[in-house]
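As given, the protein sequences belong to chains A and B, one line each in that order. In terms of the UniProt record's numbering, the numbers along the first sequence are unbroken and rise by one, the last being 308. In terms of the UniProt record's numbering, the numbers along the second sequence are unbroken and rise by one, the last being 292.
Don't take each hint at face value.
[To be verified] Listed below are the simulated DSBU-like cross-link pairs for lysine-lysine, each with C-alpha atoms no more than 35 angstroms apart in a straight line:
{"id": "1", "chain 1": "B", "residue 1": "Lys118", "chain 2": "A", "residue 2": "Lys25"}
{"id": "2", "chain 1": "A", "residue 1": "Lys239", "chain 2": "A", "residue 2": "Lys142"}
{"id": "3", "chain 1": "B", "residue 1": "Lys80", "chain 2": "A", "residue 2": "Lys259"}
{"id": "4", "chain 1": "A", "residue 1": "Lys259", "chain 2": "A", "residue 2": "Lys239"}
{"id": "5", "chain 1": "B", "residue 1": "Lys280", "chain 2": "A", "residue 2": "Lys220"}
I should point out that these hints are in silico values taken from the structure, not numbers from a laboratory.
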Amino acid sequence: MSHVQTAQVAAVKRPKKRSAFSNRKVDRAYYWMVVPAAVIFGLFLYVPFIQGVAYSFTNSQGFGDYKWIGFKNYAALFSDDRVGHAYLFTFLIAIAITILINVLSMFLAVALNGNLMFKNGFRAIYFIPYTLGVLVIGYVFKYIFMTPLPALGRALNIGWLSESLLTSEHYAWVPIVFLAVWQGIAYSTLIYLAGLQTIDGEIYEAASIDGVNGWQRFSKITFPLIGPFFTINLVLSMKNALGTFDQVVALTNGGPDSKTETVTYLIYSGGLTGGEYAYQTANAVLFFIVLAIIAFVQLKFFGNKEKI
Amino acid sequence: MSSATLQRANAHDSGSKKIRKGHSRRINWWLTAVIAVLSLTILIPLYFTVITALKTPAEAGTFSLPTTWEWHNFADAWNKVDYPKAALNSALITVAAVVLTLLTNTFVAYAVARNMDKRFFRFMYYFFIAAMFVPFPVIMLPIAKQFGSWHLDNQLGLVLLYMVLGLGTNLFIATGFIRSIPVSLEEAARIDGAGTWRIFWKIIFPLMGPINATIAILTALWAWNDFLLPLIILTDQSNQTIPLAQYVFSSQFATNYPMAFSSYLMAMAPILIVYIFAQKWVISGVMRGAVK
Chain A
1 MSHVQTAQVA AVKRPKKRSA FSNRKVDRAY YWMVVPAAVI FGLFLYVPFI
51 QGVAYSFTNS QGFGDYKWIG FKNYAALFSD DRVGHAYLFT FLIAIAITIL
101 INVLSMFLAV ALNGNLMFKN GFRAIYFIPY TLGVLVIGYV FKYIFMTPLP
151 ALGRALNIGW LSESLLTSEH YAWVPIVFLA VWQGIAYSTL IYLAGLQTID
201 GEIYEAASID GVNGWQRFSK ITFPLIGPFF TINLVLSMKN ALGTFDQVVA
251 LTNGGPDSKT ETVTYLIYSG GLTGGEYAYQ TANAVLFFIV LAIIAFVQLK
301 FFGNKEKI
Chain B
1 MSSATLQRAN AHDSGSKKIR KGHSRRINWW LTAVIAVLSL TILIPLYFTV
51 ITALKTPAEA GTFSLPTTWE WHNFADAWNK VDYPKAALNS ALITVAAVVL
101 TLLTNTFVAY AVARNMDKRF FRFMYYFFIA AMFVPFPVIM LPIAKQFGSW
151 HLDNQLGLVL LYMVLGLGTN LFIATGFIRS IPVSLEEAAR IDGAGTWRIF
201 WKIIFPLMGP INATIAILTA LWAWNDFLLP LIILTDQSNQ TIPLAQYVFS
251 SQFATNYPMA FSSYLMAMAP ILIVYIFAQK WVISGVMRGA VK
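Let the hints inform the model, and build the full structure from the sequences given.
What follows is the structure, encoded as structure tokens:
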């Protein structure tokens with residue numbers, strides 16, 4: 001019956017469509033292309049998600065017997081300092097990472113689009129971090145932050161740098177943000193470069209005839225024209241930053257004293273190795289609600305220029 | 001707007017020289033110098049990785065060149081991590097993920113892109129895309145549990161997950177491209193009696209070449225470097241991928257830094273070597289995915 005309805009809806013919309021489509025019925029093969037994929041997709045993603053929500057109302061440890069305990073997990077989450085700190089920490093580093101990535105990659109993209117010597121070579125170099133696994137390069141940086149950098153700090157008499165940043169309660173976030181930015185810039189730069197290439201060079205010629213200076217050129221022409229790419233980048237880098245995990249595993253393992261635990265890291269470590277399966281599932285559901293609100297706000301805030 | 005910009009970007013892909021001619025181009029040496037200095041932030045860590053991998057443990061920890069070149073570090077790490085096994089495992093998983101993703105995600109995108117005027121397919125589009133916004137940690141615990149009980153806590157399960165989890169993004173990337181392919185080709189083939197599947201494999205799939213390359217590059221980089229998914233799915237130690245092997249290794253042999261670094265270097269090497277030879281192709285491929 002729903003098919004009849006869709007056919008009717010299509011019939012109403014049809015005048016806008018090209019004539020070749022005017023009287024077609026959808027070939028059954030198209031359904032064979034989509035429906036099995038949808039079933040597997042639902043089975044792999046939506047079913048676990050619903051199961052997760054169900055588990056969040058139990059006291060399961062991930063194995064053995066469990067019973068329903070209502071909203072107790074959620075109530076406990078709100079009075080758990082460790083969870084509260086993980087959320088705060090995640091938001092703070094996500095904001096720092098997003099801002100740094102976008103400012104730096106915007107600058108890099110404009111520069112790499114300019115009249116450089118060895119332009120393609122530099123592009124290739126700046127994209128290297130994207131091809132490396134965060135965990136492995138993270139181990140490299142861990143050692144750099146542990147040994148050569150404090151040595152440099154001592155040699156230059158810089159107090160905060162002469163101890164390893166990784167074991168400092170106040171500065172352990174710095175290496176995590178640094179690694180996320182170091183790696184994340186590559187992809188954002190490429191998106192901005194793609195955006196810059198959609199701008200017609202004649203606009204700049206016209207502007208230079210009108211005597212526009214460099215900053216005006218960027219703020220009045222370039223930035224507005226790559227606006228949609230800015231939105232994409234902001235949403236993507238924010239999403240990645242809120243899920244920061246590999247960086248924490250490679251650099252600090254959540255330490256010192258749980259100070260650098262992100263929500264994702266807490267869900268993993270508590271849920272899979274800490275016997276808090278149901279509790280951390282509730283945490284995941286809460287995280288989902290928070291992220292959905294953020295995504296909604298972002299879409300409202302940045303308008304729907306780049307509507308999917 | 002998507003197909004219009006896409007075409008524009010394609011035109012620029014091939015014809016960026018045109019713009020360059022239009023401008024009087026003088027090399028900006030100041031900018032070149034700044035960019036060159038900044039590129040050290042990428043090159044120095046890589047340099048540090050290489051030299052540390054070739055030192056003795058006593059010498060490690062500085063940026064100076066090694067006094068003796070300890071090539072045997074690589075052999076030691078090779079045996080300690082069981083590198084060939086991890087590399088083979090990672091390669092198999094990556095290749096399988098890329099092939100399966102290309103063979104399945106493309107026709108889903110095709111079916112959806114060609115029937116967006118139908119309510120069912122439009123719903124499907126949002127059904128797939130919506131999952132892009134569900135962060136993986138949210139479903140991580142149930143998936144780990146579920147895959148264990150389905151006996152998919154192995155390479156097969158991992159490959160299936162890459163195929164399924166990437167679908168939203170790939171659909172997003174591919175539908176705009178497919179809609180820019182004129183339908184007249186398909187109509188002609190249909191008149192000649194070809195069915196939808198045949199049309200897809202014989203006409204559309206080959207025409208999707210550039211976007212298939214983009215999907216393949218993104219999937220390969222993801223599958224090869226991914227750490228979180230193998231960590232929660234591969235429960236058997238002998239199934240380790242390269243990042244997972246580094247994770248186990250670094251917790252076991254944490255003090256011998258040169259050996260650890262030669263192991264990290266070997267973990268990065270395969271993709272770096274591919275990248276050095278194919279960087280132009282990789283960069284333009286990833287860029288194509290960004291332009292909608």
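Each hint, compared with the structure:
1. Lys118(B) <-> Lys25(A): holds, 10 angstroms
2. Lys239(A) <-> Lys142(A): Distance of about 24 angstroms is within 35 angstroms: holds.
3. Lys80(B) <-> Lys259(A): Satisfied, since the Cα-Cα distance of roughly 33 angstroms is no more than 35 angstroms.
4. Lys259(A) <-> Lys239(A): holds, 21 angstroms
5. Lys280(B) <-> Lys220(A): holds, 31 angstroms
Of the numbered hints given earlier, the model fails none.
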